[in-house]
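Let the sequences and hints guide you as you build the complete structure.
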Amino acid sequence: ENREAMLNPRSNRLTEALEEANTLFDGVCGAREAALDAQFLVLASSIGKEKANELHSEMSAFDSTAYAEDVLTFMGINRTEMEETDDSEDVPGGFLPKDAWLKMGEEALKYFKRAPTFHYMMGSFESEPPVPKQRIERQKKASRGKAERAMPAQLKKMEESHQEATEKEVERILGILQTHFENDPDIPISFFDFVIDPNSFARTVENLFHVSFLIRDGLARIKLDEDGLPIIEPTKPSGAGEEDSRAGARNQVIINLDQREWK
Amino acid sequence: QVSELVQFLLVKDQKKIPIKRAEMLKNVIGEYKDAYSEIVNMAGRTLQEVFGLQLVEIDSKRHMYILINNLPRAEGKYLCRNKEKEKMGLLLVILSFIFMKGNSVKDSEGENGEGLGQLSAHPSLTPILRKQHCTFGDVQKLVTGEFVRQKYLETTPIPMTDPPEFKYQWGPRAEKEISKKDVLNSVAKITGKSPTFWSSQYSEAQATP
Chain F
1 ENREAMLNPR SNRLTEALEE ANTLFDGVCG AREAALDAQF LVLASSIGKE
51 KANELHSEMS AFDSTAYAED VLTFMGINRT EMEETDDSED VPGGFLPKDA
101 WLKMGEEALK YFKRAPTFHY MMGSFESEPP VPKQRIERQK KASRGKAERA
151 MPAQLKKMEE SHQEATEKEV ERILGILQTH FENDPDIPIS FFDFVIDPNS
201 FARTVENLFH VSFLIRDGLA RIKLDEDGLP IIEPTKPSGA GEEDSRAGAR
251 NQVIINLDQR EWK
Chain D
1 QVSELVQFLL VKDQKKIPIK RAEMLKNVIG EYKDAYSEIV NMAGRTLQEV
51 FGLQLVEIDS KRHMYILINN LPRAEGKYLC RNKEKEKMGL LLVILSFIFM
101 KGNSVKDSEG ENGEGLGQLS AHPSLTPILR KQHCTFGDVQ KLVTGEFVRQ
151 KYLETTPIPM TDPPEFKYQW GPRAEKEISK KDVLNSVAKI TGKSPTFWSS
201 QYSEAQATP
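First to last, the protein sequences are chains F and D. Heads up: the first sequence begins at 1 in full-length UniProt numbering, then just goes up one per residue. Heads up: the second sequence begins at 1 in full-length UniProt numbering, then just goes up one per residue.
Keep in mind that a hint or two might mislead.
Unchecked claim - Taking lysine-lysine pairs in the DSS-like style, the calculated list, with each CA pair at most 25 Å apart, reads: (1) D:Lys106 / D:Lys141; (2) D:Lys193 / F:Lys110; (3) F:Lys51 / D:Lys106; (4) D:Lys141 / D:Lys12; (5) D:Lys106 / F:Lys49; (6) F:Lys113 / D:Lys189; (7) D:Lys15 / F:Lys113; (8) F:Lys110 / D:Lys12; (9) F:Lys98 / D:Lys83; (10) D:Lys15 / F:Lys110; (11) D:Lys181 / F:Lys110; (12) D:Lys15 / D:Lys26; (13) D:Lys15 / D:Lys83.
Stated by the list, open to error - Chain F regions said to be covered by chain D (calculated; three or more residues, Cβ under 8 Å): (14) 36-46; (15) 102-116.
What the hints contain is simulated information worked out from the structure, not anything from laboratory work. Glycine is no exception: its CB is placed at the ideal position from the N, C-alpha and C atoms.
And the structure:
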């Protein structure tokens, strides 16, 4: 408790306490008291060490306050005249310039054998991203282009096939019609006989569809015979065809054909 | 393996926290555990010959290492970031303070003005450190945290004190990186006195290599 008092170099308190402890120890028989005594010894030695320390530094007294002031001067403090009325601190007034500690640091670095900190100059992460980015972009563009090209190509193919199919069919039917007519030019071909497929309704519709192309293009003609039933014949490719086609275009026949009738 | 270790050490040294042997074994050496000492020695040689840095073991029990600069001091300005420079300035002041006061400074409260609630609040240091948080942030944290972790300072509790008090001394890194002679010379320069003015400090400085 009386640590500070003991620390006082002028006091012999420590020595007195030690002597007292010595005498007390003679009377000790229990372990607990011995432990207390040991504790006291530790305390005493620590105080003793401090005392010795202070003795040492008193020989070459280091005035830390003066040192502090000198440090401030070294750092280039601007001392201002300050009234001590408001400030309870009795420290000299003034403010340090911005580079105060840098100046101190310059001085310090002269003495420290400090290994300069190692940093990568270019930074290991900076150069990578741009390169892959470009590559990715280019790849994307390339693949997109291909896809687009693939698409129109596909579409074209489909459309072509569609058209081809229809055209082919139409031509085929025209061919059949012409062959028939060539064989027997005087016997008219019944329209219904021509288009109806006894086995397939869908086929019949398709045939009608194809025949309508022929008529539209003026390659075939539908006329009504004596019975009022339509007959179909190929047109002759001649100047007279123009009139006919005009006339033909005027006649619109709606054929109502459903599955029941077909049967 | 050796060059990997060299790189590892150089990068690890950035924070200036001592490097443990366990870290070296785990991250770099791995399976080559048996060749550990050879690899470390060769790495040390490379560091010295290529970079002029010395690999020093500061704790032989716990096997901790630091890198210090082994090149003779060059003329001209030392290339360093400003933040680093300022911290080194503060460190020099603190190390000087501790040395001149007999190698150990307490942070306890005392009657005769020697007491200090914190080292940075020491009445003698206050004029220097007050209002310096713009430069250093939390000064006490810097002193008891960073400087201690980097082994520039060592703080030990004083036994039997309640509330616990601490004393501050030079840490092993400080002892390797700076000499007492240089510190005394800097104090002399700043105060405008001769180093021999403080006889006991002077003789101690002369005695320490």
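Going through the hints against the structure:
1. D:Lys106 / D:Lys141: 17 Å, holds
2. D:Lys193 / F:Lys110: The hint holds at about 19 Å.
3. F:Lys51 / D:Lys106: Given that 25 Å is the threshold and the Cα spacing comes to 13 Å, the pair holds.
4. D:Lys141 / D:Lys12: Given pair Lys141 of chain D, Lys12 of chain D holds - Cα atoms ~22 Å apart, limit 25 Å.
5. D:Lys106 / F:Lys49: 13 Å, holds
6. F:Lys113 / D:Lys189: Judged against 25 Å, a Cα distance of about 19 Å means the pair holds.
7. D:Lys15 / F:Lys113: Holds, because 16 Å separates the two Cα atoms, which is no more than 25 Å.
8. F:Lys110 / D:Lys12: 24 Å, holds
9. F:Lys98 / D:Lys83: The given pair, whose Cα atoms are some 12 Å apart, holds under the 25 Å limit.
10. D:Lys15 / F:Lys110: Judged against 25 Å, a Cα distance of about 20 Å means the pair holds.
11. D:Lys181 / F:Lys110: Cα-Cα ~13 Å, so holds.
12. D:Lys15 / D:Lys26: Since the Cα atoms of Lys15 of chain D and Lys26 of chain D sit roughly 19 Å apart, the hinted pair holds (cutoff 25 Å).
13. D:Lys15 / D:Lys83: It holds: about 13 Å lies between the C-alpha atoms, which stays within 25 Å.
14. 36-46: holds (count 4)
15. 102-116: Answer holds; 15 residues pass the 8 Å Cβ test.
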